[in-house]
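Protein chains: 4
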Amino acid sequence: MGQMKKKNDSTPLAVILMHCPDQKGLVAAVTNYLFSLQANIVDLDQHVDLDSGQFFMRVAWELEGFVLPADGIADDFKKNIADKFDMKFQLHITDRPMRMAVFVTRLSHCLYDLLQRYKSKEWNVEIPVIISNHNNLRPIADQFEIPFHYFEVNPENKLEQEENILHLLGEEEIDFLVLARYMQILSAKMIAKYPNRIINIHHSFLPAFIGARPYHQAFERGVKIIGATSHYITEDLDAGPIIAQDVEHITHKDSVKDLIRKGKDLEKLVLARAVWNHLQHNILPYKNRTFIF
Amino acid sequence: MGQMKKKNDSTPLAVILMHCPDQKGLVAAVTNYLFSLQANIVDLDQHVDLDSGQFFMRVAWELEGFVLPADGIADDFKKNIADKFDMKFQLHITDRPMRMAVFVTRLSHCLYDLLQRYKSKEWNVEIPVIISNHNNLRPIADQFEIPFHYFEVNPENKLEQEENILHLLGEEEIDFLVLARYMQILSAKMIAKYPNRIINIHHSFLPAFIGARPYHQAFERGVKIIGATSHYITEDLDAGPIIAQDVEHITHKDSVKDLIRKGKDLEKLVLARAVWNHLQHNILPYKNRTFIF
Amino acid sequence: MGQMKKKNDSTPLAVILMHCPDQKGLVAAVTNYLFSLQANIVDLDQHVDLDSGQFFMRVAWELEGFVLPADGIADDFKKNIADKFDMKFQLHITDRPMRMAVFVTRLSHCLYDLLQRYKSKEWNVEIPVIISNHNNLRPIADQFEIPFHYFEVNPENKLEQEENILHLLGEEEIDFLVLARYMQILSAKMIAKYPNRIINIHHSFLPAFIGARPYHQAFERGVKIIGATSHYITEDLDAGPIIAQDVEHITHKDSVKDLIRKGKDLEKLVLARAVWNHLQHNILPYKNRTFIF
Amino acid sequence: MGQMKKKNDSTPLAVILMHCPDQKGLVAAVTNYLFSLQANIVDLDQHVDLDSGQFFMRVAWELEGFVLPADGIADDFKKNIADKFDMKFQLHITDRPMRMAVFVTRLSHCLYDLLQRYKSKEWNVEIPVIISNHNNLRPIADQFEIPFHYFEVNPENKLEQEENILHLLGEEEIDFLVLARYMQILSAKMIAKYPNRIINIHHSFLPAFIGARPYHQAFERGVKIIGATSHYITEDLDAGPIIAQDVEHITHKDSVKDLIRKGKDLEKLVLARAVWNHLQHNILPYKNRTFIF
Numbered sequence: 088m089g090q091m092k093k094k095n096d097s098t099p100l101a102v103i104l105m106h107c108p109d110q111k112g113l114v115a116a117v118t119n120y121l122f123s124l125q126a127n128i129v130d131l132d133q134h135v136d137l138d139s140g141q142f143f144m145r146v147a148w149e150l151e152g153f154v155l156p157a158d159g160i161a162d163d164f165k166k167n168i169a170d171k172f173d174m175k176f177q178l179h180i181t182d183r184p185m186r187m188a189v190f191v192t193r194l195s196h197c198l199y200d201l202l203q204r205y206k207s208k209e210w211n212v213e214i215p216v217i218i219s220n221h222n223n224l225r226p227i228a229d230q231f232e233i234p235f236h237y238f239e240v241n242p243e244n245k246l247e248q249e250e251n252i253l254h255l256l257g258e259e260e261i262d263f264l265v266l267a268r269y270m271q272i273l274s275a276k277m278i279a280k281y282p283n284r285i286i287n288i289h290h291s292f293l294p295a296f297i298g299a300r301p302y303h304q305a306f307e308r309g310v311k312i313i314g315a316t317s318h319y320i321t322e323d324l325d326a327g328p329i330i331a332q333d334v335e336h337i338t339h340k341d342s343v344k345d346l347i348r349k350g351k352d353l354e355k356l357v358l359a360r361a362v363w364n365h366l367q368h369n370i371l372p373y374k375n376r377t378f379i380f
Numbered sequence: 088m089g090q091m092k093k094k095n096d097s098t099p100l101a102v103i104l105m106h107c108p109d110q111k112g113l114v115a116a117v118t119n120y121l122f123s124l125q126a127n128i129v130d131l132d133q134h135v136d137l138d139s140g141q142f143f144m145r146v147a148w149e150l151e152g153f154v155l156p157a158d159g160i161a162d163d164f165k166k167n168i169a170d171k172f173d174m175k176f177q178l179h180i181t182d183r184p185m186r187m188a189v190f191v192t193r194l195s196h197c198l199y200d201l202l203q204r205y206k207s208k209e210w211n212v213e214i215p216v217i218i219s220n221h222n223n224l225r226p227i228a229d230q231f232e233i234p235f236h237y238f239e240v241n242p243e244n245k246l247e248q249e250e251n252i253l254h255l256l257g258e259e260e261i262d263f264l265v266l267a268r269y270m271q272i273l274s275a276k277m278i279a280k281y282p283n284r285i286i287n288i289h290h291s292f293l294p295a296f297i298g299a300r301p302y303h304q305a306f307e308r309g310v311k312i313i314g315a316t317s318h319y320i321t322e323d324l325d326a327g328p329i330i331a332q333d334v335e336h337i338t339h340k341d342s343v344k345d346l347i348r349k350g351k352d353l354e355k356l357v358l359a360r361a362v363w364n365h366l367q368h369n370i371l372p373y374k375n376r377t378f379i380f
Numbered sequence: 088m089g090q091m092k093k094k095n096d097s098t099p100l101a102v103i104l105m106h107c108p109d110q111k112g113l114v115a116a117v118t119n120y121l122f123s124l125q126a127n128i129v130d131l132d133q134h135v136d137l138d139s140g141q142f143f144m145r146v147a148w149e150l151e152g153f154v155l156p157a158d159g160i161a162d163d164f165k166k167n168i169a170d171k172f173d174m175k176f177q178l179h180i181t182d183r184p185m186r187m188a189v190f191v192t193r194l195s196h197c198l199y200d201l202l203q204r205y206k207s208k209e210w211n212v213e214i215p216v217i218i219s220n221h222n223n224l225r226p227i228a229d230q231f232e233i234p235f236h237y238f239e240v241n242p243e244n245k246l247e248q249e250e251n252i253l254h255l256l257g258e259e260e261i262d263f264l265v266l267a268r269y270m271q272i273l274s275a276k277m278i279a280k281y282p283n284r285i286i287n288i289h290h291s292f293l294p295a296f297i298g299a300r301p302y303h304q305a306f307e308r309g310v311k312i313i314g315a316t317s318h319y320i321t322e323d324l325d326a327g328p329i330i331a332q333d334v335e336h337i338t339h340k341d342s343v344k345d346l347i348r349k350g351k352d353l354e355k356l357v358l359a360r361a362v363w364n365h366l367q368h369n370i371l372p373y374k375n376r377t378f379i380f
Numbered sequence: 088m089g090q091m092k093k094k095n096d097s098t099p100l101a102v103i104l105m106h107c108p109d110q111k112g113l114v115a116a117v118t119n120y121l122f123s124l125q126a127n128i129v130d131l132d133q134h135v136d137l138d139s140g141q142f143f144m145r146v147a148w149e150l151e152g153f154v155l156p157a158d159g160i161a162d163d164f165k166k167n168i169a170d171k172f173d174m175k176f177q178l179h180i181t182d183r184p185m186r187m188a189v190f191v192t193r194l195s196h197c198l199y200d201l202l203q204r205y206k207s208k209e210w211n212v213e214i215p216v217i218i219s220n221h222n223n224l225r226p227i228a229d230q231f232e233i234p235f236h237y238f239e240v241n242p243e244n245k246l247e248q249e250e251n252i253l254h255l256l257g258e259e260e261i262d263f264l265v266l267a268r269y270m271q272i273l274s275a276k277m278i279a280k281y282p283n284r285i286i287n288i289h290h291s292f293l294p295a296f297i298g299a300r301p302y303h304q305a306f307e308r309g310v311k312i313i314g315a316t317s318h319y320i321t322e323d324l325d326a327g328p329i330i331a332q333d334v335e336h337i338t339h340k341d342s343v344k345d346l347i348r349k350g351k352d353l354e355k356l357v358l359a360r361a362v363w364n365h366l367q368h369n370i371l372p373y374k375n376r377t378f379i380f
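Chains as they are written, first to last, in this note's numbering: chain A, 88 to 380; chain B, 88 to 380; chain C, 88 to 380; chain D, 88 to 380.
No lab work stands behind these hints: they were computed from the structure.
These numbers were taken from a predicted model, which means no experiment stands behind them.
There's no promise every hint is true.
One copy or two, either will do: identical chains are not told apart, so a pair holds if it fits within one copy or between any two.
What the hints assert, rightly or not - For lysine-lysine, the following BS3-like pairs were computed, each having C-alpha atoms within a straight-line distance of at most 25 Å:
no.: 1; residue 1: 111; residue 2: 166
no.: 2; residue 1: 165; residue 2: 280
no.: 3; residue 1: 175; residue 2: 276
no.: 4; residue 1: 165; residue 2: 111
no.: 5; residue 1: 206; residue 2: 344
no.: 6; residue 1: 245; residue 2: 276
no.: 7; residue 1: 374; residue 2: 340
no.: 8; residue 1: 111; residue 2: 344
no.: 9; residue 1: 349; residue 2: 245
no.: 10; residue 1: 166; residue 2: 344
no.: 11; residue 1: 208; residue 2: 344
no.: 12; residue 1: 166; residue 2: 276
no.: 13; residue 1: 340; residue 2: 208
Model the full assembly from the supplied sequences, consistent with the hints where possible.
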């Protein structure tokens, strides 16, 4: 749970997100293993999905007092637990803030919201770069004293510019990307480089209104509710695993402009919830779903 | 507003829903007209849709003290107002409860909910018939002492049975139809007979998950919100004007069975809101949208 | 999780809800204990409350294949686990439907909703008695073929009638009570007899608008949201542990009558969620809070 | 409606909010009056509150083409309409952005959110001053290039400092005040100077959890929903007319810190909705309620 990590701000944690075919004794095996190594477990949440017969678990413990060094955990866990249960797992060590790159185009509301959470220390994160295919949000980056990188993109130079972006992301040791209303489709190569580490915000309650101008689509269809969806980017446009969604009721009095205005607040909120859960290592994607512990 | 009508339960009202191209002086023209005929207006709500340039209004007044007799209003309003402004309008006189036919198949939750509102006098409505293509909900009809009509439908007799249903609806002087999880697609003829008078409940937040098994679709897509939508039936499946929608947050812990269980509560609620607004003559459909005053 | 139990409808489960001061190795100790007795755990959820330093857990496993007989579990668990960790626990065996008594006064909406869920098998529950201090809902009980017991209550006979009610509840082997808008305050004796087993629905978002006529209070205060709260009854009026709450937005157009009408739908929904969680043995009350697994 | 004003950004409007005892012909009288003066009405919304027997209306029309000059409307409307119907009204002319003063103490989230909406032109407003009883948010004011005024307040100098603040507000021709988590109680004099023009955000769903530390109170009470409330300041602490409220579901997993974190997003949203409606002149306070057209 989040509160635990906050209490232990100075105490780095190890977090493992795991899944495997369900069988008897899995929780006992994992908790025994950790207990035998003197782990102080600060959070454990598990779920069995009966349709798929899969077991999912997130467990977090303090590194302090743990018998193994941080860089020895993955191998040891693999040998003693994962290999025995045909288990896939990710290990996260929270000994430093994650490094997040923000991608924007022309709209500022999500960018402001992310930067405000960063500057006010609501989030324990680093934002070393803001990347854009337009120059008009540069003043906001300047205002918050964050390097702004402009990569002009056109059909001819698109792949070349992506190489330049990838190079920059590598140099800056970026952990994950946030597309804060970034109006470019990423290449398969870029997506493959950051699997389940590129968070997008789409301005509709997916799967309704995929693609461009969802508020106009929503208005045309006459819906009584609008929404926003944050998801990990996959090669399938607007079809990646959903992390968070929220909605707001509207009426016939709301014009398209009102939908856009109200939707901006939804986008800010939903994107922030997704990023927060990503920062907490709460999200376990499995096939096209997410388990959010 | 609803409260007004309740206060005046014994006082019949005239309600006009109207729309026309917007122009100066429309509200003044209509209110002057009514005022000159001694109308006591108990509700007035108007809206101008700037994109389409259309004016929409609902006005309700007491018949008591009004100069014209109820059956003379339509002609007089047409001559003095509607014709001058190229206006379309519907007139409703609330001097008797509306007569509603409920269509069901196998699921009982919406049927129970509708009948409970009827029996407890929450709604001022008559339910002279329950119509079904299965027999298994007959005991509920018996329990609430409402005639249950079974029309076995198969590909061969479908049109013939619809004729029989239409005949019954005519005999019973039915004003509008409620499809409370009725699992048959209505013919174009039947839909044309009751334009904007057939209310359906679809178990998703349309336009997402059109068609069959929307909860299974929602589970597969990994959405974090499920919904329900009530709409008027048009020839286009699940694409008619939306009357009401609502949603509920779900998590990865919810199985398809949980979605179905939680969704039933949404369906009851959303269908009831749509029927209530229809009973109040609050709904003005225009193109594929609804204005709900 | 609920879905698990549904899949295993024919397989009785043991469910333990436990809490104790937090310490290392608790999850390992409990899961090891169960694993050593051949338990097939179908659900496990734990939480540590950092402010109070308490550990909370719900674990459910199939009785089939478990080494101990159902009636030997409590003693064995106490000796081997609970006593070692200063733990309090409740054990539930799901080998039969729970028996629920419904208390009503004059309002029918919650009663209908509960009965509909019972009759349509949405819930696995028995309702052997409906108890009321008025006679006017008797026809609904008759309609659903459930014994209706009328206990006329006045200041003189109140305690005597409660004795009669308690006697009836004992005879009918009632597991828990649902006050579905029952307008009588229970005596301390009755509350003590069914600790955390009397579920009430209050028609406001507690702690706002305690006491009588909450919708009138809400209207007077000019709130923009109304709510409903279900909670366990304690001696402190409207102050027991909250199980479920929900709300709905309102506007200045809503009269008190509209609040009452919209509130009824909230009350039905919120009470049903509370009863469902109680039936699943999902609720662990601790001090004045509930942990709902 | 808002969309209208947006379309007519360059066209100033006149807006009248009015209320009086209800009687026949009110809408006709007002619309006739405006029509006779060549008004192009762009929005009209009325409501009759049956309990109080009061009539409420908001009407907005374009100044362009209107027969009267802007500074002649109030007197003329008073003479021809208001005096005849015992009507109270406020007139607003939208020929310039309103001037808003923001008051803060230590918390930055609402301040950032307001400034972002201002800088991105989401709102048509001027923010000439930020006023605080602490210095720690000065860097944000600097960052957005808005004058920051520090008024150190202690029990001895409180009234004197309020005089200084009032002087500054007067000099800056401030139209209304926004208390964005300002942790000082205003004097009666200051409140009287800006009636229904001081907007506060309280971090609970009032009237629950009045006063200090509402999230701690909410946690202690074990509620399942938290909320935020924006209201006009009156002399009665946290009891002024409510403008907007919203809520979020929480669970037993949320610590007080989580409530605070989640609550901040609610506070931003609810305060922004209140300010937006105030900017649109949509809010008609009456006794302790608001009518929001």
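Hints, one by one, checked against the model:
In this assembly of identical chains, the alpha carbons of residue 111 and residue 166 lie at most 25 Å apart whether taken from the same copy (19 Å) or from different copies (24 Å). For the identical chains of this complex, residue 165 and residue 280 are intra-copy neighbours only, at 23 Å inside a copy versus 52 Å across copies, given an alpha-carbon limit of 25 Å. Only within a single protomer do residue 175 and residue 276 lie at most 25 Å apart by alpha-carbon distance; the minimum there is 23 Å, versus 55 Å between protomers. Within a single copy, residue 165 and residue 111 get their C-alpha atoms as close as 19 Å, and across copies as close as 23 Å, so both meet the 25 Å cut-off.
Taking the shortest alpha-carbon separations for residue 206 and residue 344, only the inter-copy value of 18 Å comes in at or below 25 Å, while the best intra-copy value is 30 Å. For the homomeric pair residue 245 and residue 276, the shortest alpha-carbon distance inside one copy (12 Å) is at most 25 Å, but the shortest distance between copies (54 Å) is not. Taking identical chains as interchangeable, the C-alpha atoms of residue 374 and residue 340 lie at most 25 Å apart only when they sit on different chains, with a minimum of 15 Å there against 40 Å within one chain. In this assembly of identical chains, residue 111 and residue 344 lie within 25 Å of each other by CA distance solely across copies; the values are 24 Å between and 55 Å within a copy.
Neither within a single protomer nor between protomers do residue 349 and residue 245 lie at most 25 Å apart by alpha-carbon distance, with minima of 33 Å and 39 Å respectively. With identical chains, the CA atoms of residue 166 and residue 344 are never at most 25 Å apart, being 57 Å at best within one copy and 37 Å at best between copies. Taking the closest pair of Cα atoms, residue 208 and residue 344 come within 25 Å of each other only across two copies (14 Å); inside a single copy the shortest separation is 33 Å, beyond that limit. Taking the closest pair of Cα atoms, residue 166 and residue 276 never come within 25 Å of each other, the shortest separation being 32 Å inside a single copy and 59 Å across copies.
In this assembly of identical chains, residue 340 and residue 208 lie within 25 Å of each other by CA distance solely across copies; the values are 22 Å between and 39 Å within a copy.
Violated hints, in rising order: 9, 10 and 12; the structure is consistent with all others.
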